[in-house]
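Chain residues, written in single-letter form:
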Amino acid sequence: MPRLSDLPLSLRATLKLYRWRRLGNRAWARLARPLGECRVAICSTAGMVEPGQPPYDSSVKGGDFSYRVIDGETAVASLIDSHRSAAYDHAGIERDANLAFPLDRLRELAAAGRIGSVAPRHLSFMGSITAPNRLLRRSAPEAAALLVADQVDIVLLVPV
Amino acid sequence: MLEERGIVTCSITALPEITAKVAPPRTLAVPYPLGYPLGAPGDPGLQSRIIEAALTLCEGEPATEPVAFVA
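Taken in order, these protein sequences are the chains called A and B.
For reference, each letter of the first sequence is one residue, going -6 to 153 in the numbering used here.
For reference, each letter of the second sequence is one residue, going 33 to 103 in the numbering used here.
Derived from the structure by calculation, the hints contain no laboratory data.
Keep in mind that a hint or two might mislead.
As the list claims (entries may be wrong) - Here are the computed lysine-lysine pairs in the DSBU-like style, where the Cα-Cα straight-line distance is at most 35 angstroms: (1) B:53 with A:9; (2) B:53 with A:54; (3) A:54 with A:9.
What the hints assert, rightly or not - Partial pick of chain A residues on the chain B-facing surface, computed with a CB cut under 8 angstroms: (4) -4; (5) 21; (6) 58; (7) 61; (8) 62; (9) 79; (10) 82; (11) 83; (12) 86; (13) 95; (14) 140; (15) 145; (16) 150.
Even for Gly, the Cβ is constructed at its ideal location relative to N, Cα and C.
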């Protein structure tokens, strides 16, 4: 398991000094049906885009707070890593995007009846957002509403 | 954002020390480098086991303590 002490000093300092927003103890959700009937979506911060979608923009001050909808039918091999962060190794994701956007695995689980279905729409964000207010006020509620409309039961959050 | 709309979530994280600062309701801590949240490229078996572990957490009660994934 990577520990903070293993990371480069500059990244460690950023992570240590950053004012993290704590979610705290809220009224958390519970599954309303058995897993075998649940619809599952992915929400990843690996900055993946579909062919033809605009890449994320690393020059946005405070971080690019936009998001992309990844179609549930999209071929995983066609996804493009547009996250420019040097804080992590991109080689694995470039070889197999399932590493951060495991649509193929969800399809297998649905085919095996372990989950009910793969959601029709999934969410891609770019991480490294240091000023999250626009994300919290604009992008995130909008993106969450898409999943509610699609009657999603479970979201796997995959930060990188 | 999702949980208050009735959607159950599980975070798959390689840096539980940082995820703990945010304190989401379900955290699966994976022993892999940053950039490798589902273990290894081209290893569908391992990727599936990690997802299975995350789904199992979704079936259970929320807890702010991370649960370690053991390969």
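Each hint tested on the structure:
1. B:53 with A:9: 10 angstroms, holds
2. B:53 with A:54: 23 angstroms, holds
3. A:54 with A:9: Holds, at about 20 angstroms.
4. -4: 7 angstroms, holds
5. 21: Cβ of residue 21 of chain A sits 4 angstroms from chain B, so the hint holds.
6. 58: 13 angstroms, violated
7. 61: Where the cut-off is 8 angstroms and the nearest Cβ of chain B is about 17 angstroms from residue 61 of chain A, the hint is violated.
8. 62: Violated, about 15 angstroms.
9. 79: 11 angstroms, violated
10. 82: This interface hint holds because 4 angstroms falls under the 8 angstroms limit.
11. 83: Holds, about 6 angstroms.
12. 86: 6 angstroms, holds
13. 95: Holds - the Cβ of residue 95 of chain A comes within 8 angstroms of chain B, reaching about 6 angstroms at its closest.
14. 140: 6 angstroms, holds
15. 145: 6 angstroms, holds
16. 150: Cβ of residue 150 of chain A sits 4 angstroms from chain B, so the hint holds.
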